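**Student:** These are the residues of each chain, in order.
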Amino acid sequence: MRSVDLEESSVRELNGELHRLTPETNETRWVIEHPHGKHAIACGLDAPVTVEVKGHVGYYCAGMNKHATIVIDGNAGVGVAENMISGEVRVKGDASQAAGATGVGGLLVIEGNASARCGISMKGIDIVVKGSIGPMSAFMAQAGTLVVFGDAGEALGDSIYEARLFVRGSVASLGADCIEKPLSDEDKVILLGVLERAGLSAGSDGGPDGFRLYGSARKLYHFHIDNVDAY
Amino acid sequence: MNAQSPKAATPPRFSATFDPQAIAEIQRAAATGIYDIRGGGAKRKLPHFDDLLFLGASISRYPLEGYRERCGTNVVLGGRFASKPIELKIPITIAGMSFGALSAPAKEALGRGASAVGTSTTTGDGGMTDEERGHSSILVYQYLPSRYGMNPDDLRRADAIEIVIGQGAKPGGGGMLLGQKISPRIARMRTLPEGIDQRSACRHPDWTGPDDLEIKIEELREITDWEKPIYVKVGASRPYYDTALAVKSGADVVVLDGMQGGTAATQDVFIEHVGLPILAAIRPAAQALQDLGMHRKVQLIVSGGIRNGADVAKALALGADAVSIGTAALIAIGDNDPGLEEEYRKLGSTAGAYDDWQDGRDPAGITTQDPELAARLDPVKAGRRLANYLSVLTLETQTIARACGKSHVHNLEPEDLVALTLEAAAMARVPLAGTSWIPGHDDPKADLA
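Chains as they are written, first to last, in full-length UniProt numbering: chain A, 1 to 231; chain B, 1 to 449.
Among the hints, a few may not be true.
[Said to hold, decoys possible] Not everything, but these chain A residues come out facing chain B in the computed CB check (under 10 Å):
| no. | residue |
| --- | --- |
| 1 | Gln97 |
| 2 | Ile120 |
| 3 | Leu192 |
| 4 | Ile225 |
Calculated directly from the structure, the hints in this document are not laboratory data.
No experiment lies behind these values; they were computed from the predicted model shown.
Glycine included, each C-beta is placed from N, C-alpha and C at the ideal position.
Could you build all of it, start to finish, from the sequences and the hints given here?
**Tutor:** Okay, structure coming up:
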């Protein structure tokens, strides 16, 4: 196991070392001490290693992650796991705005709450939030799955494309072109698959049937003057 | 002569306010209920580089010999923070234009032409294709609000990164790629259903304001190990403050795009009524760099209406390190070719005025995703035309620089220029020709923002 103390090393030195790892590396377990909310910790990783960050991180931790598993034992600042391609990022505390923004793939698990714009412009990432999410989440969400055990803030899924949004709690309001959809067997399989990867169950309160599914009404896919009131 | 005589009748008189263009637009709006969308930049008459003149050498200024004495044209971009700055042989770059807005052969032609003369091309919304990476020796990767196709592998194989805040044709606007241009390949690259009207966001999803931008730049530098130059591109609107904030945020290069700069598709009212002409934007941006002690350390690239070497030379004299061309590059590779007049007429347009780039029916095969139309463009020949054009721009720029006694085009300066109009004198902050008067600038630092 490699341990890096960010009171003694810089983020640049840490990321430089992590970027030099190859897929065949045997340095597969890293622990980062004293992150002190610094930005861009463990971003741009491209190797199947596990990085555990012991404390709170600033903006863009695990940004554009590929292959790596990154566990944040604290809260995360803006844009955690933004544009993630693959791998897994787990936040044991709360996450700030734009968690998982534009994520292409991989799994983001937030064990606490996530703030506004969670999953904004998501492009295939799977996001699981055990708590609640803030307003404007899944704005222009293109693909992937957002699972929320708690409540969703206002304007959920505004201008959504083909992402699936599963929410067990209440939804303050839906954004433009976002509607509730029937929960099909296929949807339940997708939901349970994401939860299994996250190491979670759907809960005893109805299991997958305890969630409601939201997605695109597809009425705004083509600009039409008759829909102008929706914008 | 009686009252019915043609000679006595008042001839038809058009209104200057309700001119034929305005009347036609009212009629079109009434018929359709929707605004006009088109490609290109501002078409209205604007104060521009034509309103400036170089003074050339005289008794007090010593010229350089044409065809003999060297006049350098190279420019290094990104030396502020990047460990691998890029060097262009000429101070003219190709602006960001997406595969999606443009056909694959058009992108290849841009890469071939630019590479032949040692300059860069730029991706656009929708990501990087293997073809454009392969055909561009120096490729700038745009980082846009939509993040379509964004991935760290492309970030690392780019030569520079351009964070796009806005563009001159539509500062504050997003984009729309209409469904007819969303081919299967483009849909895959953008993770979208085929054939839908694809919206590009106007704001970045994970940062807001200059303090966040600074952290975003830090992240991009970390991901790329501080190797790549990072540009920040803005539409010309508040050039003094935008330039200062980009510098504060850690940019290596500021790209400033005037309202004549083209777009693939935007509302005509947006193109014509939002933003500044590039002539009005260069001096405030250069002043911001000077005030921060960063002129020539953070490079300034300007664009929007560059057509010839005189425009290039004037932009450099006003403080730019390089210029960028988009519309002119498309024209060079075959856009608005008079040889296609019959087809332009079938589309309700004419060569020289065709701007329905959003429709995907471009007979030149440039702004289209129709395979048959795209196949019309020979990327090798088109690339050669672009290389020729870029060479001419460079030679013309050198011609003017030598006449002003400059051994490098970057030695051109505002003192070499005068203005033909009051507006141009005020905007470019050079004297009205024949006078020492710079209107509106008694206090040199006033009015810049």
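**Student:** All hints are to be evaluated individually against the structure, with a verdict given for each.
**Tutor:** Here is what the structure says about each hint:
Nearest Cβ of chain B to the Cβ of glutamine 97 (chain A): about 8 Å, under the 10 Å cut. The hint holds. Interface hint at isoleucine 120 (chain A): satisfied, since its Cβ lies 4 Å from the closest Cβ of chain B, which is below the 10 Å cut-off. The criterion of a C-beta within 10 Å of any C-beta in chain B is not met by leucine 192 (chain A), whose closest approach is roughly 24 Å, and the hint is violated. For the restraint placing isoleucine 225 (chain A) at the interface with chain B, the shortest Cβ-Cβ distance is roughly 5 Å, inside the 10 Å limit, so the hint holds.
In summary, the one numbered hint that this structure violates is 3.
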